[in-house]
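K.L.:
The residues making up each chain are set out below.
Protein chains: 4
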Amino acid sequence: HLPFSLIAGPCQLESRDHAFDMAGALKEMTERLGIGLVYKTSFDKANRTSLSGRRGVGLEAALPVFADIRKELGLPVLTDVHERGQCAEVAEVVDILQIPAFLCRQTDLLIAAAETGRVVNVKKGQFLAPWDMKNVVAKLLASGNPNVLLTERGVSFGYNTLVSDMRSLPQMAETGAPIIFDATHSVQQPGGQGGSSGGDRRFVPVLARAAIAVGVAGLFVETHQDPDNAPSDGPNMVPLSEMEAMLERLMALDAVVKASPGGR
Amino acid sequence: HLPFSLIAGPCQLESRDHAFDMAGALKEMTERLGIGLVYKTSFDKANRTSLSGRRGVGLEAALPVFADIRKELGLPVLTDVHERGQCAEVAEVVDILQIPAFLCRQTDLLIAAAETGRVVNVKKGQFLAPWDMKNVVAKLLASGNPNVLLTERGVSFGYNTLVSDMRSLPQMAETGAPIIFDATHSVQQPGGQGGSSGGDRRFVPVLARAAIAVGVAGLFVETHQDPDNAPSDGPNMVPLSEMEAMLERLMALDAVVKASPGGR
Amino acid sequence: HLPFSLIAGPCQLESRDHAFDMAGALKEMTERLGIGLVYKTSFDKANRTSLSGRRGVGLEAALPVFADIRKELGLPVLTDVHERGQCAEVAEVVDILQIPAFLCRQTDLLIAAAETGRVVNVKKGQFLAPWDMKNVVAKLLASGNPNVLLTERGVSFGYNTLVSDMRSLPQMAETGAPIIFDATHSVQQPGGQGGSSGGDRRFVPVLARAAIAVGVAGLFVETHQDPDNAPSDGPNMVPLSEMEAMLERLMALDAVVKASPGGR
Amino acid sequence: HLPFSLIAGPCQLESRDHAFDMAGALKEMTERLGIGLVYKTSFDKANRTSLSGRRGVGLEAALPVFADIRKELGLPVLTDVHERGQCAEVAEVVDILQIPAFLCRQTDLLIAAAETGRVVNVKKGQFLAPWDMKNVVAKLLASGNPNVLLTERGVSFGYNTLVSDMRSLPQMAETGAPIIFDATHSVQQPGGQGGSSGGDRRFVPVLARAAIAVGVAGLFVETHQDPDNAPSDGPNMVPLSEMEAMLERLMALDAVVKASPGGR
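From first to last, the protein sequence lines are chains A, B, C and D.
Using the numbering used here, you'd call the opening residue of the first sequence number 744 and step up by one each time.
Using the numbering used here, you'd call the opening residue of the second sequence number 744 and step up by one each time.
Using the numbering used here, you'd call the opening residue of the third sequence number 744 and step up by one each time.
Using the numbering used here, you'd call the opening residue of the fourth sequence number 744 and step up by one each time.
Simulated from the structure, these hints should not be mistaken for lab results.
Remember, predicted model here, so these are calculated numbers, not experimental data.
Heads up, some of the hints might be wrong.
Identical copies look the same in the list; a pair holds intra-copy or inter-copy alike.
Stated by the list, open to error - In the SDA-like style, the derived pairs of lysine to any residue whose C-alpha atoms are separated by at most 20 Å in a straight line are: (1) K1001 x E985; (2) K814 x A960; (3) K1001 x W874; (4) K788 x R827; (5) K1001 x S939.
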């Protein structure tokens, strides 16, 4: 079993300079650690809690930045798509198309993403049982694309709280798809601040350790040099300055888990 | 307070003839009962559990049928939209645009629906606390459209089950929007049949009675002349032959509720 | 179907005078309304959130008060028991032994209560599915006591919140036992005030209306002349001064529900 | 930080011979592994789903066996108590009194257990938020006993399912009490087989790995030489023959976790 890969970056693409700063810092850090990196950032936060939340630079401004990060830094890029019409255009400049959790049952979006031939990473809906993701995988396979990743990001536990059921990792792995654990959105408190979502980043390393110990192909962590002033998901992003120590610890754990016979 | 209105129809638009049969029967029934009717049907089931589920006749085939039901039967029509690009076209032939629960946080879709000027009915996401719907209403109001309905359809209670918290009806009513109770999807067991959703229609009248007693502006019930052979949501649709008796009983309840001072 | 009966009283037995004041006022009120009354009060709050919560006057002080309320006011009395050793003694002076929700699976307590021959009212555990109560009923029946009531008081929905699933009323009724809805504890927020439980009494009439409309044999409501200064459950008790108007409204609803053929 | 200790044994005390066989085998195994062992077994299953479930040998028969296991095998013993009257007697022959999850709010039971001076292990109720356990700890401390352990065993997630929120481990650790993870009851499906509880032992090592990675003082695992024929909790007990390999793997994980600076 391979060591876990890292999908990381700031929640939003804020500007070309910010993206290069973040991607460059993460590239250096992961090269030091010997860990595979996919750079993640969003061009549009299409489902903010309220209108006043900043949405990002938009598709047109983002695509050239994605292209340049791939070319100049040599990093694979992941971003999320929200409508089928975006898939083909975005697929030209990114390596992985991500389907947001709320949209994981939207058949047309899944098919359009699959038809690009790019890897498709589907986040499990907060409202779905883990075993229901087999139907989502089947939609993608039937569209001719076997390059599917599934991401756990917590299940709704009622009222402004999510819980991560660690059993979902092996349950989703029965589909054959590599499993990613999103340690950032799993600690979200949806709508928990009234007009925006809250969260508690202290639990990011806690849940990341748990998921790595269960066995995952990848870890998804949003990070920012100054999360408390980030335009979205600040309460649950890990400060960039704390990433390296956290990753080192997780790598040691991952190595032990995957060395043993039953490890993934 | 006005008596409750009824939003009813088969889950899918199956054919022009079937639509006219169903709409005609419901029109006769509700005229007999003296109850306001909105005819509901979907042109596309965009988020079926699996690809093998039938999706419906599609937008192009449906729009003329919607137009004719309005013109020939004089009924207002409601249908659900899934992408912002559909809103303007659909709005030409229906009275109410409905936002599906999974999509209730998709800002662009909400804005596009609001900008048509039509009434917009938003179903509360299975993952949202009732009080979080105020942010959804604010998105619509800020787009210049005050004609908003909110619909309760159950909250996810884990694994293949929904629960309807009746407190959500007055909690959502604090937004000022009229509140609808969807008695059909509240008894759904999402993904409960493996490759499709299950449900238990025996609880439709149970939850409908509860919601009417709490106080609602409208009731949403899907119905079919032969639910067990319907292309979708069969387990939770009420047989057309049982609708009239159920509605009569609910009207008696509603009259008592709304006669008393604290009634809605 | 019979009109609903009322199980009501203050959460705790505070003193003989207070008990007679409350019981007398409720007796007058229910006689005016023509509604059956069981007087409910606890001699010991055995599971307070914290030690500093007041527990009540205790068994020895309470039993003569129970006896006198029965004799002097002619009211049936209900109280809750916490250990098997209490059952026989308590049964001598009350009509209904109540098993608290946390204890609904304690076999010895159920058997000891059943063996008194008194009516036994079991509250459904916050952790149980409605259909699991058939096993609880079977324990009582096998102990030779068919006089069983089951009470719904909400199911845990995670973190300091309960939700009342109205489907549980007909689901539990399949056992053949009369079903009571506890509108007071269903609006509790367990542990929601840190060192004590919170609640929101505004939702007592909301959930009571819903339950009556679904169909119940009885309604359980705690009341107090000054809930905000009551020693326990203050946030969810209904002020005595508001009881009569609420009950009148519920009786009108109940009459409509039970007049119709499918009514319980 | 110390390596994790193991609390293990069969769910029920079945017979003296069986107890000595199990305790002996676990003692040998844990000595080989260099891991601390507490022998766990129950003299009475006081809250079986139904009356037909076997309850165990009872208090009188069990106490001499507990005493002999301590004396002859030199093992500390843990058992659960259900009524305050049992505490003093049981405390004479065991090292740790365990409070069952359903009973974790019963004040008298907590006080009686605390007053024995023995270590008290309280299982978190399936209905409690993790932070609510601080009130339980306070009840024990106020009774003069600081020797408190807290055990996570899953929170009710509705209908015949539990979920283990791994955040609860550090949240409960804020009380200062050592935290145990019960990997056996966390995979229970309460009432899931109609007349008895189901479970899925495949997830015992999954959740154990997650908890060890988060950081715990102890692990609770029920085991049996033939779980499928055990009188209770068969579906979630680990076969004795699989324990050693699982423990070895968990020890390697634990060592890595506790070697790093932030480890517990």
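K.L.:
Run every hint past the structure and note whether it holds.
P.N.:
Here is what the structure says about each hint:
With identical chains, the CA atoms of K1001 and E985 are at most 20 Å apart between copies only, with a shortest distance of 19 Å across copies and 24 Å within one. In the homo-oligomer, the alpha carbons of K814 and A960 never lie at most 20 Å apart, since the shortest distance is 25 Å inside one protomer and 48 Å across protomers. Proximity of K1001 and W874 under a CA criterion of 20 Å is satisfied in neither setting, with 24 Å inside one chain copy and 34 Å between copies. For a Cα distance limit of 20 Å, the shortest separation of K788 from R827 qualifies both inside one copy, at 16 Å, and across copies, at 15 Å.
For the homomeric pair K1001 and S939, neither the shortest alpha-carbon distance inside one copy (38 Å) nor that between copies (36 Å) is at most 20 Å.
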